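Dock chain B against chain A, hints included.
Residue numbers (this note's numbering), protein chains in the order written: chain A, 116 to 213; chain B, 18 to 204.
Everything labelled a hint here was simulated from the structure, so no lab data went into it.
Predicted model only: the values in this text are computed from it and were never measured.
Errors might be hidden in some of the hints.
What the hints assert, rightly or not - Only pairs whose alpha carbons sit at most 20 Å apart, straight line, appear in this in silico SDA-like list of lysine to any residue:
| hint | chain 1 | residue 1 | chain 2 | residue 2 |
| --- | --- | --- | --- | --- |
| 1 | B | Lys201 | A | Ile182 |
| 2 | B | Lys137 | B | Val78 |
| 3 | B | Lys198 | A | Arg133 |
| 4 | B | Lys201 | A | Leu137 |
| 5 | B | Lys198 | A | Ser162 |
| 6 | B | Lys97 | B | Ser128 |
| 7 | B | Lys198 | A | Tyr154 |
| 8 | B | Lys201 | A | Ser134 |
| 9 | B | Lys198 | A | Ser181 |
| 10 | B | Lys137 | A | Gly155 |
| 11 | B | Lys137 | A | Ser134 |
| 12 | B | Lys137 | A | Gly178 |
| 13 | B | Lys201 | A | Ser181 |
| 14 | B | Lys97 | B | Thr52 |
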Amino acid sequence: MLEGLAWTLAVEVPAAGRSGWLPVLCVNLVSYPLAWAVYGLFPCDVSGAWLAVESGVVCLEAGLLSICAPWPTWRCVLYVLLANALSASLALVLYADS
Amino acid sequence: MRTLTHRWWHGVTALLVAAWLLVAPLHADLIPPGTRPIEHTLVFDASPWFQQYRIVAAPTVGFDGDVVVQPDVPFRFSSKYGTRLYAVPLDVTPPSGAWRDAREWWSMQRSADIPVAERKFVPLVSTLESVETRLRIVDISASGMQVVVVDEDSVHNGWLIASLLLVFGLGLGLLLWLWRKGRKQHA
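One chain only, chain B, in its complex shape:
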């Protein structure tokens, strides 16, 4: 009877293994490699330059995505599309219409590269959720615009960290209990 029960048990197990491998081979007992996207934004410190210039962030390639930057208001950017910062005096009116139609005009304005590379993807297992880089305009002159990185804030998934620690602690505690129980039985 006992042997029969064991055989039945092993049969069920084999079926479960086979079914699982066929249905979801990628969800097996491993942590798959890979990446996931996160949001990386920029934000400017308030400074007197904003009272003299209109600051615009616009891509050097691609068609759209230009944004008038306001101090302390986060905005998206793209390293892939080469987002660049432009400073236009407030008394100068930029050409109306689509950004792509006035690209030549914009290329003659004072400008600067974004002083930080976009973090678009992180490993699948990373707890990082988003990044916000704080920038400051140091100088705007005839030769261009100088922008520096002031600070970087990262938001991590606290629930994931807490869950991992809880699961690890629970598993370790149970293993220690099993080990002590086994030693007592042998003694």
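With the rest of the complex left out, here is chain A:
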């Protein structure tokens, strides 16, 4: 969890800028424990299920941002979506090889 939050603080929060850093931080605070609970209940390896959960979390983050973030919401959402898509793709390749 700390590694994920480190990523959030180092990449997503600065990327969201002055108008979006707090909403981005908040959605991550909500989504991490949720994802943790989902994996605890339904453990899975690198697979379609894992990717589905990760995608679901990103969609949840984007949805929450669109409700709570001030203007320009689209930029925050876009950053979060892109950062997550990039990191998920990389991790998928790396984990699948291991």
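The following block gives chain B in isolation, referenced to the frame of chain A:
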């Protein structure tokens, strides 16, 4: 000036993203799958059988790992190495020396399988830290030994659960505050 500041900000952001992805791609914004080991031990209830028999837990494959079982004292076992329980009357002296050299002698003693599978790995995100399974000897006869599971105690990482709940509550509270603030500004 404002545009310049924005460009500078985006440049710094791009550098941060690139650096982070290069240095620690596995620590990205996701919860990686995987497992971690936990300790699963067995413990026997005290029973009169211990006054008549020496109970030994020993692997059926591998070389070492035999242990004389005492009531109420936890001991490790292995499903991988096929740990089996043996009962030897107290007036019978087992062969001296290494366990592996006397395997044939032990195979002729009264014995039983461990009635529970070892839980060696749990998902990375599991709060489970350790498991202790309590066993009881029901019977020891010429045909073998009968052992049943009485209870199972699991130890969970309470700090992790508390931290997750705290982080979730904090995030949800702040999001609600932001949402209400946004509505007030629009009104």
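Hint check results:
1. B/Lys201 - A/Ile182: Holds - the C-alpha atoms of isoleucine 182 of chain A and lysine 201 of chain B are around 14 Å apart, at most 20 Å.
2. B/Lys137 - B/Val78: Measuring from Cα to Cα gives roughly 18 Å; hence the hint holds.
3. B/Lys198 - A/Arg133: Holds, at about 16 Å.
4. B/Lys201 - A/Leu137: 18 Å, holds
5. B/Lys198 - A/Ser162: Since the Cα atoms of lysine 198 of chain B and serine 162 of chain A sit roughly 40 Å apart, the hinted pair is violated (cutoff 20 Å).
6. B/Lys97 - B/Ser128: Holds, because 18 Å separates the two Cα atoms, which is no more than 20 Å.
7. B/Lys198 - A/Tyr154: 33 Å, violated
8. B/Lys201 - A/Ser134: Holds - the C-alpha atoms of serine 134 of chain A and lysine 201 of chain B are around 17 Å apart, at most 20 Å.
9. B/Lys198 - A/Ser181: Distance ~14 Å between lysine 198 of chain B and serine 181 of chain A Cα, so the pair holds.
10. B/Lys137 - A/Gly155: Between lysine 137 of chain B and glycine 155 of chain A the Cα gap is close to 16 Å, so the pair holds against 20 Å.
11. B/Lys137 - A/Ser134: Distance of about 47 Å is beyond 20 Å: violated.
12. B/Lys137 - A/Gly178: 39 Å, violated
13. B/Lys201 - A/Ser181: The given pair, whose Cα atoms are some 16 Å apart, holds under the 20 Å limit.
14. B/Lys97 - B/Thr52: Answer holds: lysine 97 of chain B to threonine 52 of chain B is near 17 Å, not above 20 Å.
Comparing the model with each numbered hint stated earlier shows that hints 5, 7, 11 and 12 do not hold.
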